[in-house]
Amino acid sequence: MNAPMPGWRLAAQVDLSALPADWRDALARRLGQRPRRIGVWAELALYGACRCLDKAGEAALPPAARVRVWSLSGAQGAMRTGIGQVRAGLLPMPFHFMQSQPAMMLAALGQALDWRGDAAFVTGRDAQALLRLALAGAAPEGLLFGRVEEDGGRLRTAWQRWVPE
Amino acid sequence: MSHGVYVAGMGLVCPLGEGVPGVVEALRLGEGAPEHVDVAEGFAWPVHRLPDAGGAWLDRLAAHVREVAAQCGGVDPRADVPLLIGSSSLDAGFEEEGGAPAGPFAGDLQTFGDAVAQALAWRGPVFTVSTACTSSLNAVLAAMDLLQAGEATQALVLGVELRNRFSVAGFGAMQLLSPQHARPFGAGRDGLVLGEAVAALHLTAAPARWRLRGGANIADGRNPTGAQHDTILAVCWQALVRSGLQPADIGLVKPQAAGSPANDAIEAGALRALFGAPPPMASFKGAIGHALGASGAAELALLMGCAEAQAWPAMQQAPEPALGVAFAGDGPLQPRHILALSIGFGGGHAALVLEDGEA
Chain B
1 MNAPMPGWRL
11 AAQVDLSALP
21 ADWRDALARR
31 LGQRPRRIGV
41 WAELALYGAC
51 RCLDKAGEAA
61 LPPAARVRVW
71 SLSGAQGAMR
81 TGIGQVRAGL
91 LPMPFHFMQS
101 QPAMMLAALG
111 QALDWRGDAA
121 FVTGRDAQAL
131 LRLALAGAAP
141 EGLLFGRVEE
151 DGGRLRTAWQ
161 RWVPE
Chain X
166 MSHGVYVAGM
176 GLVCPLGEGV
186 PGVVEALRLG
196 EGAPEHVDVA
206 EGFAWPVHRL
216 PDAGGAWLDR
226 LAAHVREVAA
236 QCGGVDPRAD
246 VPLLIGSSSL
256 DAGFEEEGGA
266 PAGPFAGDLQ
276 TFGDAVAQAL
286 AWRGPVFTVS
296 TACTSSLNAV
306 LAAMDLLQAG
316 EATQALVLGV
326 ELRNRFSVAG
336 FGAMQLLSPQ
346 HARPFGAGRD
356 GLVLGEAVAA
366 LHLTAAPARW
376 RLRGGANIAD
386 GRNPTGAQHD
396 TILAVCWQAL
406 VRSGLQPADI
416 GLVKPQAAGS
426 PANDAIEAGA
436 LRALFGAPPP
446 MASFKGAIGH
456 ALGASGAAEL
466 ALLMGCAEAQ
476 AWPAMQQAPE
486 PALGVAFAGD
496 GPLQPRHILA
506 LSIGFGGGHA
516 ALVLEDGEA
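Order-wise, the sequence lines are chains B and X.
In case it helps, the numbering used here puts the first sequence at residues 1 to 165.
In case it helps, the numbering used here puts the second sequence at residues 166 to 524.
Derived from the structure by calculation, the hints contain no laboratory data.
Heads up, the beta-carbon is just placed ideally off N, CA and C, and yes, glycines get one too.
Be aware that one or more of the hints could be misleading.
The following residues of chain B were derived to be distant from chain X, with all beta-carbon distances above 10 angstroms [to be verified]:
no., residue
1, 10
2, 12
3, 13
4, 15
5, 16
6, 17
7, 18
8, 24
9, 26
10, 27
11, 30
12, 33
13, 59
14, 141
15, 154
16, 165
Chain X stretches covered by chain B per the calculated footprint, using a threshold of three residues with CB under 8 angstroms from any CB of chain B [what the hints assert, rightly or not]:
no., stretch
17, 290-296
18, 310-316
19, 376-385
Quick list of the computed label-pair ranges, beta carbon to beta carbon [claimed, not checked]:
no., chain 1, residue 1, chain 2, residue 2, range
20, B, 7, X, 345, 50 to 56 angstroms
21, B, 6, X, 203, 52 to 58 angstroms
22, X, 442, B, 21, 58 to 64 angstroms
23, X, 224, B, 22, 45 to 51 angstroms
24, X, 235, B, 154, 40 to 46 angstroms
25, X, 406, B, 60, 21 to 27 angstroms
26, X, 412, B, 164, 27 to 33 angstroms
27, B, 59, X, 288, 41 to 47 angstroms
28, B, 164, X, 238, 36 to 42 angstroms
29, B, 7, X, 263, 45 to 51 angstroms
30, X, 315, B, 165, 17 to 23 angstroms
My request is simple: use the sequences and hints to build the entire structure.
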């Protein structure tokens with residue numbers, strides 16, 4: 001893939017549009033425990049990010065690296081359930097509300113990677129524009145860039161690890 | 166080569182009014198009271214709401230974003246000017262109303278950004294930043310990246326948080342809301358009070374009075390609903406280093422200070438550790454509420470407006486003495502450098518240093 005901005009190269013990428021049936025078990029094995037109550041969308045983000053770092057041969061994401069995640073579906077299941085509960089005159093279950101927030105996925109990702117740093121959820125319609133924005137201002141430790149979609153029952157995720165040339 | 170980033174214009178619609186100068190005057194007079202809102206059967210919480218203009222949710226959204234963009238002095242929606250929108254609830258209010266004609270949830274997460282762009286007849290790239298309470302401050306940081314990298318010469322940043330029951334009910338269900346009013350850093354503080362706001366910042370590479378010197382963002386997942394002492398220190402230091410400044414250069418701090426019993430204390434402790442004796446604080450959440458994803462942009466606009474007018478919010482309650490912080494008072498205060506801090510859900514910590522070229 002051509003770099004969207006000069007000075008960067010793609011070190012690794014995974015495109016998981018067809019997930020293995022046991023991907024959640026594989027994630028649990030990778031993390032040493034099953035993620036609790038973060039929702040399937042966030043679990044998918046963790047799975048894709050870990051697979052991408054594994055492919056890049058990185059045991060850990062450097063602290064100064066940047067993480068950007070985007071999605072058009074978001075945590076669709078949790079969001080629809082939570083807003084549906086409000087429309088029905090109920091309080092949303094706290095974990096549905098939390099799971100609906102992209103920021104909670106970033107927190108779970110940080111915990112899974114044992115990492116804290118410049119992570120943000122930034123979405124839009126133009127994948128290349130999102131990547132250019134993510135790379136602008138990224139540190140020499142580079143960028144972990146992911147897309148996570150929960151489109152009805154169809155789950156897919158794609159991640160890229162960008163480093164300086 | 167890194168380019169400077171300046172504020173060419175700002176706009177604000179919040180429960181205290183429309184336009185930064187008028188809202189600053191209302192803050193100086195100590196105005197601002199929430200109203201109780203029923204969000205679910207048997208559950209009501211105070212919220213600082215925008216006046217109910219009636220009409221459909223999307224029409225109100227369009228009217229508000231046009232208003233704040235106009236207050237900026239008009240931004241040329243050229244094809245190369247990016248629009249960055251920070252929001253936590255996005256179009257939850259629209260979905261509560263019934264959503265699109267095709268039915269609820271017919272759109273996706275960028276449908277909200279599309280609606281904002283359509284209202285402004287925007288032709289450039291459109292990005293939606295959603296990192297909970299740090300959303301619009303992170304949108305500012307992203308715009309700074311583009312301008313500093315020479316990818317753009319101007320950008321419009323919006324913070325948008327409009328009426329919806331989902332946010333109030335969600336925070337309420339998590340027992341994070343005060344039943345009465347927010348008391349930032351105050352004794353007996355018992356939680357947040359949410360607010361509605363739409364704010365705009367027109368950023369440019371052309372020198373202007375206010376320069377955005379440097380900022381930082383750190384997401385720390387160790388405590389997804391709380392502030393972390395060491396992360397507050399780290400994000401402030403990163404912002405200072407990127408600004409080429411030291412703590413002693415900061416003359417005023419805009420803290421998160423949402424009125425949370427624990428998080429306010431952690432934040433005050435971190436600021437004491439950073440500064441020793443912290444500079445005066447300017448806090449807005451007691452008067453306009455916590456506007457979640459819009460709070461970063463709204464409070465930056467108010468910060469600059471207060472500094473320009475030399476008028477600071479009349480606080481309803483002094484800080485708890487044990488926290489070791491003080492609010493900016495009535496006396497003259499014209500700091501050259503201001504540190505703005507935003508902390509949110511998901512462990513988001515963001516900081517930005519502003520420079521007043523006329524101080």
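How the hints compare with the structure:
1. 10: holds, 19 angstroms
2. 12: Given a closest Cβ separation of 22 angstroms, the condition holds.
3. 13: Check passes; 22 angstroms lies beyond 10 angstroms.
4. 15: holds, 20 angstroms
5. 16: holds, 20 angstroms
6. 17: Check passes; 17 angstroms lies beyond 10 angstroms.
7. 18: Holds, since 22 angstroms exceeds 10 angstroms.
8. 24: The assertion about residue 24(B) holds, with a minimum of 19 angstroms to chain X.
9. 26: Correct as stated: the minimum Cβ-Cβ distance to chain X is 21 angstroms, above 10 angstroms.
10. 27: holds, 16 angstroms
11. 30: Check passes; 17 angstroms lies beyond 10 angstroms.
12. 33: holds, 15 angstroms
13. 59: holds, 19 angstroms
14. 141: Holds, because the least Cβ-Cβ distance between residue 141(B) and chain X comes to about 14 angstroms, which exceeds 10 angstroms.
15. 154: With a cut-off of 10 angstroms, residue 154(B) remains clear of chain X, as the shortest Cβ separation is near 13 angstroms.
16. 165: holds, 16 angstroms
17. 290-296: holds (count 7)
18. 310-316: holds (count 5)
19. 376-385: holds (count 5)
20. 7(B) x 345(X): 50 to 56 angstroms: holds, 54 angstroms
21. 6(B) x 203(X): 52 to 58 angstroms: holds, 55 angstroms
22. 442(X) x 21(B): 58 to 64 angstroms: For residue 442(X) and residue 21(B) the Cβ distance comes to about 60 angstroms; the hint holds.
23. 224(X) x 22(B): 45 to 51 angstroms: Holds, since residue 224(X) and residue 22(B) (Cβ atoms, about 48 angstroms apart) stay within the stated range.
24. 235(X) x 154(B): 40 to 46 angstroms: Check passed, 42 angstroms falls within 40 to 46 angstroms.
25. 406(X) x 60(B): 21 to 27 angstroms: Holds, at about 23 angstroms.
26. 412(X) x 164(B): 27 to 33 angstroms: holds, 31 angstroms
27. 59(B) x 288(X): 41 to 47 angstroms: 45 angstroms Cβ-Cβ, so the 41 to 47 angstroms window holds.
28. 164(B) x 238(X): 36 to 42 angstroms: holds, 39 angstroms
29. 7(B) x 263(X): 45 to 51 angstroms: holds, 48 angstroms
30. 315(X) x 165(B): 17 to 23 angstroms: holds, 18 angstroms
When the structure is compared with the earlier hints, no violation turns up for any of them.
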